[in-house]
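What follows is each chain in one-letter form.
Number of protein chains: 2
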Amino acid sequence: MKIILASGSPRRKELLRLIYPEFSVVPSPFDEKSLDPAGLPPETLAETLARRKAEAVFRQTEGDTLVIGGDTVVVSPEGEAMGKPQDAADAARMLRALSGKRHRVTSGIGIFWRKGGAEGAHSFRTVTQVAFYPLTEKEIAAYIATGEPFDKAGGYGIQGYGGMLVEKIDGDYWNVVGLPAGRLRRELEALGLL
Amino acid sequence: MKIILASGSPRRKELLRLIYPEFSVVPSPFDEKSLDPAGLPPETLAETLARRKAEAVFRQTEGDTLVIGGDTVVVSPEGEAMGKPQDAADAARMLRALSGKRHRVTSGIGIFWRKGGAEGAHSFRTVTQVAFYPLTEKEIAAYIATGEPFDKAGGYGIQGYGGMLVEKIDGDYWNVVGLPAGRLRRELEALGLL
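Line by line, the protein sequences give chains A and B.
Just so you know, we're using our numbering here: the first sequence kicks off at 1 and counts up by one.
Just so you know, we're using our numbering here: the second sequence kicks off at 1 and counts up by one.
Be a bit skeptical, because a hint or two may be false.
[Claimed, not checked] Stretch-level coverage of chain A by chain B, calculated; a stretch enters the list once three of its residues show a Cβ under 8 angstroms from a Cβ in chain B: (1) 168-174; (2) 186-192.
[As the list claims (entries may be wrong)] Each pair of labels, with its calculated beta carbon distance range: (3) B:P134 to A:L191: 52 to 62 angstroms; (4) B:A145 to A:H122: 54 to 64 angstroms; (5) B:S76 to A:K84: 50 to 60 angstroms; (6) A:K84 to B:G192: 18 to 28 angstroms; (7) B:Q129 to A:P77: 44 to 54 angstroms; (8) A:K2 to B:F124: 49 to 59 angstroms; (9) B:E32 to A:F124: 42 to 52 angstroms; (10) A:L194 to B:D87: 27 to 37 angstroms; (11) B:P77 to A:G147: 20 to 30 angstroms; (12) B:L191 to A:A131: 15 to 25 angstroms; (13) B:G192 to A:P77: 25 to 35 angstroms; (14) A:H122 to B:P27: 44 to 54 angstroms.
Everything labelled a hint here was simulated from the structure, so no lab data went into it.
All C-beta atoms, glycine included, are put in the ideal place defined by N, C-alpha and C.
Let the sequences and hints guide you as you build the complete structure.
Laid out in structure tokens, this is it:
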């Protein structure tokens, strides 16, 4: 069975390797902007996007294939989905919104497969609560200077310098990194795809 | 000021690099076996060991120096301190004890410094609760076969394949890895050592 990760994220690639030693990476052609996030609750947005991303890659394949897509949404303390910062000012705005408060991070996983002619689809989401230390303007500026915030939803990466801003989490850690690998392996096993 | 990490753990080294770009590593000559863990509550054991480890290295130094020592204790669901497994059977016994249950991981940090002739000492501990998935014998055997359990208290490493066994945590993730870097940086800053 051919295994494909429908995500270009190096973090998801690293985590999926804990489940499958070998797979290919095909970033999804699905255009996130074609889906209006305003019409979807932030809690289900990641799962919807993950399904769409995986399905778009799956439709380009033939024969026995398993496609796994993922999406991570950071929900601000005020309940709004936070995207990736556009610039340093935007990153600072996001970090100030998270400072000294708790927020939620949801990763959605979409799975599509074809096996002996039959097709199947499955998806799930995992939610983790993250509590930030109160941040000073100096800390925010120093963190932005690392360059880490720019390709990350919510403006931080928990597995790098961003982890220094986090006081504690409640839930699955790898879910915040971008792929809840422990849960995913269990779901794949239950589906007979391991 | 000379900065020394009094621990040979590659994980602590990697995490301390998030705080100080440069430091030396001097594994502590303090013999853990000289301290009878049976006489100490598991919750304070890590902090006591971390102080002793840091102090033993500090006493070998001269001039302006900062020494940081760390120790991590995994406390079984039954409340006993778990060491590093002696062999595969011991690792399997530990993993069975953690399976499907919650346990606590405490990292202690000991800090000793000399600055302009004056000396100071400080220590603290951080506790994280870890919940394991229920594990099958097959999963336990497969995890032991990775070789990961053998140099780790409790028989697992949360940052590697061992993270697949963990359903969720409540607290500081890096504390479970072995050095609560975010908390440590804040403590060092409050002490004027950053």
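- Which numbered hints does this structure break? 2, 3, 4, 5, 6, 7, 11
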